[in-house]
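S.K.: Spelled out, the chains give:
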Amino acid sequence: MKFGVCYYPEQWPEERWATDARMMRETGLEIVRIAEFAWAKMEPADGRFDWTWLDKAIETLATAGLDVVPGTPTAAPPAWLSHAHPDVLRVDANGRARQHGTRRHTCPNNPTYRHYSRRIVQEMVQRYGREPGIIGWQIDNEFGGGKSGRCYCSHCAAAFRDWLQKRYSHIRALNDAWGTVFWSQTYSDWAEIMPPDDRIDKKNPSHLLDYYRFCSDSIVVYQQEQVDIIRSGTPGRFVTHNFMGLFRDVNQFDLAAPLDFVTWDNYPTGNPERWHGRLQPPTEQREPIDYAHDVGDPIITGMAHDLMAGLRQRPFWIMEQQCGHINWGELNPGIRPGTVRLWCWHALAHGADAILFFRWRASLFAQEQYHSGLLRHDGRADVGMADLQTMVAEQEQMRQLTAQPVHTQVAILCQYDDLWALQEQPHRADFDYWRHSYAFYHTLQRMGVPAILLPVTADLSPYKLVLAPTLHLVTPEIAAALQQYVAAGGHLLLGVRSGFKTGSNLVTDAPLPGLLRELAGVTVTDWQAMPMAAGWELRSEIPGLEGPATYWVESLQADTAVPLAHYAHGATAITENKVGDGRVTSLGFYPTGAQVTAVLRHLISQNNITPLADNLPPGLVAARRGGVTILINFAERPLTAIINGQPITVAARDIALIETTKT
Amino acid sequence: MKFGVCYYPEQWPEERWATDARMMRETGLEIVRIAEFAWAKMEPADGRFDWTWLDKAIETLATAGLDVVPGTPTAAPPAWLSHAHPDVLRVDANGRARQHGTRRHTCPNNPTYRHYSRRIVQEMVQRYGREPGIIGWQIDNEFGGGKSGRCYCSHCAAAFRDWLQKRYSHIRALNDAWGTVFWSQTYSDWAEIMPPDDRIDKKNPSHLLDYYRFCSDSIVVYQQEQVDIIRSGTPGRFVTHNFMGLFRDVNQFDLAAPLDFVTWDNYPTGNPERWHGRLQPPTEQREPIDYAHDVGDPIITGMAHDLMAGLRQRPFWIMEQQCGHINWGELNPGIRPGTVRLWCWHALAHGADAILFFRWRASLFAQEQYHSGLLRHDGRADVGMADLQTMVAEQEQMRQLTAQPVHTQVAILCQYDDLWALQEQPHRADFDYWRHSYAFYHTLQRMGVPAILLPVTADLSPYKLVLAPTLHLVTPEIAAALQQYVAAGGHLLLGVRSGFKTGSNLVTDAPLPGLLRELAGVTVTDWQAMPMAAGWELRSEIPGLEGPATYWVESLQADTAVPLAHYAHGATAITENKVGDGRVTSLGFYPTGAQVTAVLRHLISQNNITPLADNLPPGLVAARRGGVTILINFAERPLTAIINGQPITVAARDIALIETTKT
Amino acid sequence: MKFGVCYYPEQWPEERWATDARMMRETGLEIVRIAEFAWAKMEPADGRFDWTWLDKAIETLATAGLDVVPGTPTAAPPAWLSHAHPDVLRVDANGRARQHGTRRHTCPNNPTYRHYSRRIVQEMVQRYGREPGIIGWQIDNEFGGGKSGRCYCSHCAAAFRDWLQKRYSHIRALNDAWGTVFWSQTYSDWAEIMPPDDRIDKKNPSHLLDYYRFCSDSIVVYQQEQVDIIRSGTPGRFVTHNFMGLFRDVNQFDLAAPLDFVTWDNYPTGNPERWHGRLQPPTEQREPIDYAHDVGDPIITGMAHDLMAGLRQRPFWIMEQQCGHINWGELNPGIRPGTVRLWCWHALAHGADAILFFRWRASLFAQEQYHSGLLRHDGRADVGMADLQTMVAEQEQMRQLTAQPVHTQVAILCQYDDLWALQEQPHRADFDYWRHSYAFYHTLQRMGVPAILLPVTADLSPYKLVLAPTLHLVTPEIAAALQQYVAAGGHLLLGVRSGFKTGSNLVTDAPLPGLLRELAGVTVTDWQAMPMAAGWELRSEIPGLEGPATYWVESLQADTAVPLAHYAHGATAITENKVGDGRVTSLGFYPTGAQVTAVLRHLISQNNITPLADNLPPGLVAARRGGVTILINFAERPLTAIINGQPITVAARDIALIETTKT
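Residue numbers (the working numbering), protein chains in the order written: chain Y, 510 to 1172; chain D, 510 to 1172; chain F, 510 to 1172.
Note that these hints are calculated values from the structure, not bench results.
Keep in mind that the hints are not guaranteed to be accurate.
The list cannot tell twin chains apart, which means a pair is met if one copy fits it or any two copies do.
Stated by the list, open to error - Cut-off 25 Å, straight-line C-alpha distance, at most; resulting in silico cross-link-like pairs (PhoX-like, lysine-lysine):
(1) Lys550 with Lys712
(2) Lys656 with Lys712
(3) Lys511 with Lys973
(4) Lys550 with Lys711
(5) Lys711 with Lys656
(6) Lys712 with Lys675
(7) Lys565 with Lys550
(8) Lys712 with Lys511
(9) Lys1087 with Lys712
(10) Lys712 with Lys565
(11) Lys511 with Lys1087
(12) Lys565 with Lys1087
(13) Lys973 with Lys712
(14) Lys675 with Lys511
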């Protein structure tokens, strides 16, 4: 485990740099990220580059013993660029161009912007590519952030048409793939196709899904230009990008593919607050909150860690770690001593190998004045600094753990296509892809069973159990991959709404679950949304599985599968199908917290998965690297869990490490 | 009673058509609506028409014994049209043009669109006008739907100026009619007048009302072009349009006038959900809901039926009948066996003579993938099919009823001018024209007294009692029509806010209720909005009339009228005025549910109107055609009412027919 | 005390004018405001002026004995002007130009509009400047009303650049003052700077604050043109403008500076309803409401009066006084007899010397049809008229009071810079500048201690106690002014978030409270937002000061100051610092109602400030002019307070005057 920090030398007097660099080293920081918003300082006028300040800054930091990670500055182009070329500005779904004065306001498909973007990266790499103090590069900053993931400008319209031509070759194939015969939408020429912006009241779901894919691909392609430039000019340095957890608008698997490893920006009071509304179940089903007011919801943060872990299936970094209050939430509570340490141990437990704090010192100006750093505005230490000192003392312990793999036996499948398709057609307005996944993830966490989020295309063979809360769009390739996993001895849980759609977001005309029907050994004979007040009583021998199935229910007909549960009126609710050496469990309803707990207990027991701890109370979370179980108590009071039959009590807002026999 | 279905041959392989047609006939369907969204298929390029597929489809359906109703396809113009002529696109109140990719995105006043629209209808009529299998025509689809009722483009601006010139002749007359001297709004030239779009923060109510009238007239004129073309080329066929119940933006009386009869699109879980918020009284005054979760609010559906019945005062069709779950509500609950039958009997009871289900088979693609049909996506029967079979067995019983007139002795007046004027100037934000009418309609339904919604211009003489919850804009013609109705023996109830406005939406400078003052025999000496917590106690000999009058109260001064109720502080609250052979009852306050019940009981008794049933519990509704009273139980449990002194119990979600002596 | 009325002769037949004028005089009215919306009538075509009607109107009114106050008509330009010159139309932050058909739809920086605006005022002044019946002039109407305070058109962009060049001289100084190095925002040319409209997602706070200042200055400059024209042509007449109480978008101190005195538009049911949401504390902390449903919140109205009093620190007028129901609230309740009298006495008690009712007769047309006047639409007296008669009988009593100064010993500091800065960066979303001030003002009112709202630049020496709930942006000038006030014997209370910002909205890099640190004798070592459920217990000898400090807490370190309270964990919560002959009390937390009461009791006692009454119950408010204490009971029942040890009971919705010994 290494610690680092984000630093903005351009924002402080040059005279101060050496002091800051010395203080960083003295406090145990080893890595420093710089320069990712300094384009205007690097290129103060079109084609005029000024590297003197950055030469000096890098030298000062490197001399002090810090490893430097420069960021390419393309997320924040200079005023002269958008002033001279206003068409570089991104256009929102309402048709209005953005404006200089913030960041991420340009279009990734704009040729002019691409030209300037390539040039600044080339110049930067040419100058610093072989600089000894530099260990790796960050590309841009938080792709898609600030609702920048989708642009609707005329350059995007043209690029979208190219993208479609490559995908469908003939306009007739596109018409078929989108079902444009409906409402007379048929296109007779590529030129008639527009981005599905808000001028269209009700949009064609296939048109939308392709546009979302295109927008994501546009960013991937944009990033690739920088990857190529950096790789060719920076021998031995890593290339990464800072990702955004449960962010929805970009396919983060695609974006991660060409990078050496993933880093992400972890703001435990901000991100969970932002994601909370679309993750939590209806109020009456929520567990009482039992964590401190300044730690954020640790299970939501954990799910983000486990998605980041799944992007490349290897350890990741925290490129920006909250180390005090932030400025972009609703309340932005002050952070108390000890909290930053919990967050860092939590990140480590889920797979982080390095953590950089955001930021060194609070900014005196502009949009993030109220965002704290390790230092206050006046230069004194803020709350995170003491935690850093505590952790420096624990660093050896941490390093032993980062050498160990994260222990995970369960995977949850995650497909951005499904997320986007269901976002646009939830059928019931409160159905949300992440909420559905979170119901399973949350329960696993509460049971002490770690999980990772993976795409279907990943190698699933290491996992005893794979959950697909929904696998909505299914292509023959997806069906084959799952068939292979199961036949080789895997266990797949398949939830509602699976197999409903084709690859281009049409409904299958085959009996449901469509291409997964043979694998599951069931036919879905009926599906429906249901108000919470209604419901079908369940009958099952699975312990604890009871109460009405509601919200979303499907009637299963067991073909080759065996029923595990029925609805009171007779239809089958859960089945199990043996396929080769493995099994598929089909779950015919959207479960309540208690129901998902019963089902998962059954599956875990069936697959000999041992929870890391028993009787985990709310607020206490468990993870494991190598042979060490890490308990983290996010509550205000001591909490006790059982490990190997022994009660282990963790102090309030503290951690405990327990050596366990490897399983 | 005939059954039919909406079918989209263009959305299915040609090889399937004959199978579908055969199945339709086998399941008892007799009518099929087609083609209303198939413009791109009929005219794949500008001026190139392809009728081969439609020839074949009509032939296939007709050969199978189905009566065909084609729709003109003008609600969904092809992509090549808006691509070549972007100015055909409708502009919203925020100034943004719509875009291809949905429906209803064109402007009815655009000359180019009008040209293409006329041409496709002419071509279609020329080809199919005398086709034997075709029994009638639907024009366009749901005029005004999807917020398309009002366009703000430059063609509309010009057409609006023409419309104003015809109405006012001189700009000075317009200035007077709108009161433009206020805030220096005076126009010196027609060219200065713009549509009242959202660039104006606070709009002149007379300007607004004239624009709403103009927009409605624009659609009426647009429709008339098609009516003329169809009438001239389709001898013996009917012409209709599918209306939208309690939809607000188009004057449906005007739109219905040139048609043979009215049809409407009845979605009992969707429409009431959409209308509910502006119909229900404040929470504390609501009756407990006692109907099943998948039936929708039957009294709201009933009010829509009774408005549709009033449009032409003759039986109507359901052109689109929900027959399973829909896709455009908040929850879109699954529909259970038996529900579709309730909806059909309900429609019949209120005056429907034919019902077409929407749609034959669920769409595999595009915007309505989640809308169910009689068949599922995979071709199996969905829930509505079994209900259809039940009803086919009951069809003879149904036919005897459709031969009989709907029994109605009470009319509720309905003026779109009033709806629009009060929508823009509710004075208290929660005052709503339909909500106010619904308070009366709902109570009549709960009492077992049928009602029809009619304009003042209708022949009111058949009705013993006419309710005007508010008659807000009053012209001399309106006053004269009511005078005549009452003098000839009618009984008029006149509610609050009546006679307040002139025909151009100015306030009268005469004592209130203005032009109705002599008829009512009262002067309103004071009116005011009042918070629910305040109120004036009532004193009256009308049984059950008590509690505070609040929300909206008016102090009446009985001139020639006789007081029937007073407020505790002395002013008169209700009066009755004898005029010729009739009576006018003036109601000086917006009544609570209990108060409106007391007042209506009094009026019903006074006019010898016999309720269809006594002690109707919530969930059970009653209607009557000829000598048969139809009871429909929308609740989950058996309910009992009293008819002719006898208790009649109707099973849960079932109906009962009771032969009664004609009155 | 004089009474008057707003009259619109152009809206009524000329034959009616003399009748209206006579009735006004007979009912005791002495002043009449006219013409402020009659531009189209004065100049019906470009350059063609018609004064005949206004000559006649002024003559009629003056002949009847009324003093006339014309308004310049520039808030409502004619249709021909915006039709011929559409670029005069104001542009909103979303980029859309406004449109004719309302008022305040033009841009104060548009040169064309300025030309026409100057000309109509010049013409008007030339004709009526020496008219004997005219006593003074109102400029325009409610500057900034209807969200018109900020325009984002290209003329504003250009004027903003000029304004910035004057302020900063060099672009580099602007870059420093805004901290544009952040996110690469650096400007290399003035031409690159745009108004911070909604095309920017996250805006630079210094950019925003300067734009708000610029917009406010633009209106001040616009007004000054009219001030100059009127002053030069109307010898001996006053010049004023009608202000808007707690309105936020214009610096009302600046706007008031060149005027003779301030008038404002007092709508006690409308304004408090509009302001309420951002003034009241969280629900659980609110006092039960105990005032009648038709009077509005009297303490909010009182705070508006006391801000208006502070604008010029002299008596003011009510230019528009609500005298019945209004039309722009949510419910617009009817007003009962007696209420208008309460409002007028309340205004007088806080410093009003004349009251003009809005309006003489309710309008028959246009946007304000539902706004009542002294006369109803049909010409009969409405509810306010009887109250006016009551007050005419009390007028001598009132006049004795208007000759006396308002008794005020406490000032609350008010800085629009701070309001705007905190509006854009509240840090916790519910932190609001006025809400914070209101917590103090409300408590003073409930304690019977009058207060005035003043800018730091005012002469504070007359006030025993000056409260600065927050003094956020602090310049050396501000620090010096406060130093001088305190050193000369004053007592300053300094609340949270003080001294945090520089004059250009950067964070100070000095220890907090920055430039106020020496004056306060404390250092703020930590600050944080805190959820209400958390909190730090207080320990203090100040009676009644207890319970947790929460919401916003700061840890103080007493440097030269003495601690008055601590948090349970040891940090200092309140201090007192002696400076010269005075004292500074520093309050380290955002107080609850009970806490602010305890602190203010302590300060009042310390400074020998005697409340006007003891045990004031909610609903009863107290003020004093000269030696007379005025009690006003806004509740529905009699209420009793203690004055000089004697219980004084005031009847429901009535007033009482108590002669007291001057203090």
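S.K.: None of the hints should be skipped; say for each whether it holds.
M.R.: We went through each hint and held it up to the structure:
no.	hint	result
1	Lys550 with Lys712	between (43 Å within a copy, 20 Å between copies)
2	Lys656 with Lys712	both (19 Å within a copy, 15 Å between copies)
3	Lys511 with Lys973	neither (32 Å within a copy, 58 Å between copies)
4	Lys550 with Lys711	between (45 Å within a copy, 21 Å between copies)
5	Lys711 with Lys656	both (21 Å within a copy, 11 Å between copies)
6	Lys712 with Lys675	within (22 Å within a copy, 39 Å between copies)
7	Lys565 with Lys550	within (13 Å within a copy, 68 Å between copies)
8	Lys712 with Lys511	neither (48 Å within a copy, 35 Å between copies)
9	Lys1087 with Lys712	neither (41 Å within a copy, 58 Å between copies)
10	Lys712 with Lys565	neither (53 Å within a copy, 30 Å between copies)
11	Lys511 with Lys1087	neither (46 Å within a copy, 50 Å between copies)
12	Lys565 with Lys1087	neither (65 Å within a copy, 48 Å between copies)
13	Lys973 with Lys712	neither (40 Å within a copy, 49 Å between copies)
14	Lys675 with Lys511	neither (45 Å within a copy, 50 Å between copies)
Checked against the numbered hints above, the structure violates hints 3, 8, 9, 10, 11, 12, 13, 14; every other hint is satisfied.
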